[in-house]
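Protein chains: 2
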Amino acid sequence: MEIEKYLLEKKEIVDSALERYLPKEVDFPASLHKAIRHSLFAGGKRIRPILSIAAFEAVGGKGNGVLPFACALEMIHTYSLIHDDLPAIDNDDYRRGKPTCHKVFGEAIAILAGDALLTEAFKLMTTRFPQNDSIDKGLILDVVNEVAQASGILGMVGGQAVDIESEGKEVDLPIIQYIHTHKTGALILVSVRVGAKLGRATEEVLKTITHYGERVGLAFQIEDDILNIEGKTALLGKKTGGDLSKGKATYPSLFGLEESKRRAKELIDLAINALISFGPEANPLREIARFIISREY
Amino acid sequence: MEIEKYLLEKKEIVDSALERYLPKEVDFPASLHKAIRHSLFAGGKRIRPILSIAAFEAVGGKGNGVLPFACALEMIHTYSLIHDDLPAIDNDDYRRGKPTCHKVFGEAIAILAGDALLTEAFKLMTTRFPQNDSIDKGLILDVVNEVAQASGILGMVGGQAVDIESEGKEVDLPIIQYIHTHKTGALILVSVRVGAKLGRATEEVLKTITHYGERVGLAFQIEDDILNIEGKTALLGKKTGGDLSKGKATYPSLFGLEESKRRAKELIDLAINALISFGPEANPLREIARFIISREY
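Heads up: the protein sequence lines correspond to chains A and B, in order. Letter 142 of the first sequence, counting from 1, is numbered 126 in this note's numbering, and no numbers are missing. Letter 214 of the second sequence, counting from 1, is numbered 198 in this note's numbering, and no numbers are missing.
These aren't lab readings, by the way, just hints derived from the structure by calculation. It cannot be assumed that every hint is accurate.
Chain copies aren't distinguished; within one or between two, either way the pair holds.
DSS-like cross-link-like pairs, simulated, lysine-lysine; straight-line CA separation at most 30 Å [stated by the list, open to error]: (1) 46 with 153; (2) -5 with 230; (3) -11 with 153; (4) 121 with 46; (5) 191 with 8; (6) 121 with 191; (7) 245 with 121; (8) 8 with 245; (9) 87 with 230; (10) 121 with 8; (11) 87 with 46; (12) 153 with 87; (13) 8 with 153; (14) -5 with 82; (15) 245 with 153; (16) 230 with -11; (17) -11 with 87; (18) 191 with 153; (19) 82 with 191; (20) 46 with 29; (21) 18 with 249; (22) -5 with 191; (23) 245 with -5; (24) 8 with 249.
Isolated chain A, as found in the complex (with noise of 0.2 Å):
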């Protein structure tokens, strides 16, 4: 399958970037690091990086000046998977197959491997490289910026502490969708706003590939809480059930099974039909969106 080729590829390039981009290993602190790499490198799908590539390309970014804010967004998205995973919040002993952050290094070093990733994704976004030598300054600034409004109290972080104020509680849709919506949708969202700039897209293209990227974000979580209930241990790298067990506000928990498909399929179509005025430059963002709801992990 052709997407799956792409996505492999591009996975590669983002995974070589990553370990360039990292501070090297020094004598210490060694457990930093390998706390860092640990989780890093733990077979993520790169999906984040994936869409700012696809996006910046979409609208015909030329070069590889958008890497650097791709891998950042991949740092960023890791930290809040570390910090998710602790036993104060999610208590996740395993992700993807291995044994989480805190596990392997205690839950100090995985507190301190999520900042520093998260300082890392900031110092990589304003560290000037050849490759992004010629962006105009002020346009960084305005990406930087952006992500950070995605990463923050009104944006995954705040999602992050709307899930844990819901938890075993009785919450309705709007609460649902604003958990969704900021929790993975904003950084999701960020990510192939982040490329459509970089990639100097024009406001009215900016807007399309916003459309695109809200309806993919809901799409994603949507898809992550019905792979949670049905989805196969082996192919997830973690036990399955576990937001039943905490009382996690999902939709399937609030729609059925069947109802959750028909809306993730219904919000794929929908980001799909956003690209319309789109060539097929474009062909590898509607990939990426069918694999979303197509994916077993």
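Keeping the supplied structure of chain A fixed, place chain B upon it in accordance with the hints.
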């Protein structure tokens, strides 16, 4: 005493700017907003932002373009305190006479409050304000990059990790110095450098300010360790003796109290000597240096 009036005046400017810059409280996530404010407005001395402002003014900086950066540094400092106090790290119940963030809001929200503050700091530094619109965008990127460097693996977080790794072990002077210069020194140093850079200091002046910042940063940590032994609980707002019971590596544990005091005093003299080429415009920097080893909290 004049320095206390200066510190109070600048603290009020910083406090009201922090209030302005924080995302406004919304319906939810209320717990997150409350947790952030609990720690950010817990009576901190605002030493880092005041050092930034004092360095900015000492090199001839005009206007208040330094203010968002000064406040961002305080947010980063506060996030590090919230995470340090967690049970998995220092397990402290009190700070500045108030229960620590996780004691009031729980560990999950405390972790997220720290994450949010770190993220908001980077959002703040990359936000366009009328007062910093005239600052060169390349300079802003450079400053944000330096703050990230000082806060991350090669700076504050790295120092914290080595501190944790060293607990209960015999450590030598190079390790203690690594911990001090990274865990505390890096953020204090970058505070004065950010102020000087935004004030358009020449390379020569920046070098001088750097010498000052390095010495003040190290003296600050030594004084903290001294206060941890002989400080007054009522003034510090937390129990003393914590370092000793945790087997923490400190100057007093290696050299004893008297020698530590002598070294702190010597460092402050060297910091003030570094400013020899400055006139009265650097008096606040000189006074802050003296304050650092005379403070009781």
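Under the constraints set out in the numbered hints, which ones does this structure not fulfil? Hints 1, 2, 3, 7, 8, 11, 16, 17, 18, 19, 21 and 24 not satisfied by this model.
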